[in-house]
Amino acid sequence: MTKAFLSILITAILTENFLLSKFLGICPFLGVSKKLSTASGMSLAVIFVMLLATAVTYPINTLLVNNDMAYLQTIVFILVIAALVQLVEIVLKKYIPSLYSALGIYLPLITTNCAVLGVVILNVDNGYNFAQSMVNSLGAGLGFMLAMVIFAGVRERLESCDIPKFMQGLPITLVAASLTSISFLGFTGIVDGIFG
Amino acid sequence: MAEKKSLGKEFTKGLIAENPVLRLVLGTCPTLAVSTSVTGALGMGLAASIVLICSNIVISALRKIIPGKVRIPAYIVIIASFVTIVQMIVKAYAPAIDESLGVYLPLIVVNCIILGRAEAFAGKNGVLASAVDGMGMGVGFTGALLAMAIVRELIGTGAISGLQIFPAEFAMIIFILPPGGFFVFGMLMALANKIAESKGKPKAELHGCESCPMAANCSLISKGGCDDNVKEATVG
Numbered sequence: 075m076t077k078a079f080l081s082i083l084i085t086a087i088l089t090e091n092f093l094l095s096k097f098l099g100i101c102p103f104l105g106v107s108k109k110l111s112t113a114s115g116m117s118l119a120v121i122f123v124m125l126l127a128t129a130v131t132y133p134i135n136t137l138l139v140n141n142d143m144a145y146l147q148t149i150v151f152i153l154v155i156a157a158l159v160q161l162v163e164i165v166l167k168k169y170i171p172s173l174y175s176a177l178g179i180y181l182p183l184i185t186t187n188c189a190v191l192g193v194v195i196l197n198v199d200n201g202y203n204f205a206q207s208m209v210n211s212l213g214a215g216l217g218f219m220l221a222m223v224i225f226a227g228v229r230e231r232l233e234s235c236d237i238p239k240f241m242q243g244l245p246i247t248l249v250a251a252s253l254t255s256i257s258f259l260g261f262t263g264i265v266d267g268i269f270g
Numbered sequence: 538m539a540e541k542k543s544l545g546k547e548f549t550k551g552l553i554a555e556n557p558v559l560r561l562v563l564g565t566c567p568t569l570a571v572s573t574s575v576t577g578a579l580g581m582g583l584a585a586s587i588v589l590i591c592s593n594i595v596i597s598a599l600r601k602i603i604p605g606k607v608r609i610p611a612y613i614v615i616i617a618s619f620v621t622i623v624q625m626i627v628k629a630y631a632p633a634i635d636e637s638l639g640v641y642l643p644l645i646v647v648n649c650i651i652l653g654r655a656e657a658f659a660g661k662n663g664v665l666a667s668a669v670d671g672m673g674m675g676v677g678f679t680g681a682l683l684a685m686a687i688v689r690e691l692i693g694t695g696a697i698s699g700l701q702i703f704p705a706e707f708a709m710i711i712f713i714l715p716p717g718g719f720f721v722f723g724m725l726m727a728l729a730n731k732i733a734e735s736k737g738k739p740k741a742e743l744h745g746c747e748s749c750p751m752a753a754n755c756s757l758i759s760k761g762g763c764d765d766n767v768k769e770a771t772v773g
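Residue numbers (my numbering), protein chains in the order written: chain A, 75 to 270; chain B, 538 to 773.
Hints listed in this document are in silico derivations from the structure and should not be mistaken for laboratory results.
None of these values were measured; they are calculated from a predicted model.
Be a bit skeptical, because a hint or two may be false.
As the list claims (entries may be wrong) - Here are the computed lysine-lysine pairs in the DSBU-like style, where the Cα-Cα straight-line distance is at most 30 Å: (1) B:K738 with A:K109; (2) B:K546 with A:K108; (3) A:K108 with B:K661; (4) B:K550 with A:K239; (5) B:K736 with A:K167; (6) B:K628 with B:K740; (7) A:K167 with B:K606; (8) A:K168 with B:K606; (9) A:K108 with B:K740; (10) B:K736 with B:K546; (11) A:K109 with B:K731; (12) B:K550 with B:K736; (13) A:K239 with B:K736; (14) A:K239 with B:K606; (15) B:K661 with A:K239; (16) A:K109 with B:K740.
As the list claims (entries may be wrong) - Stretch-level coverage of chain B by chain A, calculated; a stretch enters the list once three of its residues show a Cβ under 8 Å from a Cβ in chain A: (17) 642-650; (18) 675-689; (19) 726-732.
Note that beta-carbon positions come from the ideal geometry of N, C-alpha and C, so glycine has one too.
Full structure from sequences and hints, please.
If you want it as structure tokens, here you go:
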């Protein structure tokens, strides 16, 4: 049992990293990764929203499936996530201002982030139960954070480099992302190796 | 601005001058993810274009009815409905494409190009102009996807949708793996910047917040922006 959870967790963090192998959430990956502080703040907010969204959408999905309305998934999920993020923002602002000041500014950005909707849909597609879904979301969030933090470090080094003119800006960032992604390819097969 | 431009210009701007992927840097996730094969890229481009055109038409038709404050949720519902329709059609008639697009098919809902065009164009312009704008952007998106997919599939497998160009043992498999996606996209972006520069246009940059459809509600902007580099929005 624990083994199965660990295998889902490690798969989500390392071998099927959301940013570097599934390409979900690339906008914040390229846009918010210039500084370590913003990168980690954004990642924490993503983990928080992913877990919350999974916890809320799981029972709703069961309800939809039981009533033969599974085709409404996409519409319902995106609306629930959007409403949820707004609600969390209001609640945090009112009751936990310290947490709000740390995560609040990133919350609106996450509503239409494909990583959050992606993890919710993947949980359904993979047929995970509630506990497995939560573990998968946690892993996806942690993997997001790991990739963001590593990449922020890479980009801080890039700042002081002498880069050919046509490569400056986005092109060199993408090539750096490619190299970071190669390093994650090294984890291929690690889950089968440990748990297989 | 739209009234003065002809419909032809609305269409062609999406192809090159305001190409959604290479100039506006929107929709990077599907561009990187589904460009491993030409068939997948075509399927994705077509599906996203249909959603884009239909949602542009409906949103511009309803633009005077939808109250400004709830426009984003309203846009999302309209877009999600069309995505669901496309999803059902693809599942029924082209299961192979559904298989290859996987989770990225429902994720068209959060494709920034579609919500971005709704916010920047369809919410402000007439039905015909919005439909043409959607078509242009759709073709531009499909074109960029195809350009990526041709390079990646050819170098990665030696073949283009089943047609063997060179022996598979010389293929560099890394090009169809994730790192290849980032690399080819980076090179394509560098090429696009080079061409833009020779025509005296600014190079494409990720606009962080402002091009994001949620920018209007985003408190990051008032605090100095995602990366301290908030610039004037160039979208729309």
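Evaluated hints:
1. B:K738 with A:K109: Distance of about 28 Å is within 30 Å: holds.
2. B:K546 with A:K108: Judged against 30 Å, a Cα distance of about 36 Å means the pair is violated.
3. A:K108 with B:K661: The given pair, whose Cα atoms are some 33 Å apart, is violated under the 30 Å limit.
4. B:K550 with A:K239: 26 Å, holds
5. B:K736 with A:K167: 48 Å, violated
6. B:K628 with B:K740: 39 Å, violated
7. A:K167 with B:K606: 20 Å, holds
8. A:K168 with B:K606: Since the Cα atoms of K168 (chain A) and K606 (chain B) sit roughly 22 Å apart, the hinted pair holds (cutoff 30 Å).
9. A:K108 with B:K740: 19 Å, holds
10. B:K736 with B:K546: It holds: about 18 Å lies between the C-alpha atoms, which stays within 30 Å.
11. A:K109 with B:K731: Given that 30 Å is the threshold and the Cα spacing comes to 27 Å, the pair holds.
12. B:K550 with B:K736: It holds: about 15 Å lies between the C-alpha atoms, which stays within 30 Å.
13. A:K239 with B:K736: 16 Å, holds
14. A:K239 with B:K606: 43 Å, violated
15. B:K661 with A:K239: 37 Å, violated
16. A:K109 with B:K740: 22 Å, holds
17. 642-650: holds (count 6)
18. 675-689: The restraint on the stretch 675-689 of chain B is violated, since only 0 of its residues have a Cβ under 8 Å from chain A and three are required.
19. 726-732: Satisfied; 4 residues make the cut.
Checked against the numbered hints listed earlier, the structure breaks hints 2, 3, 5, 6, 14, 15, 18; every other hint is satisfied.
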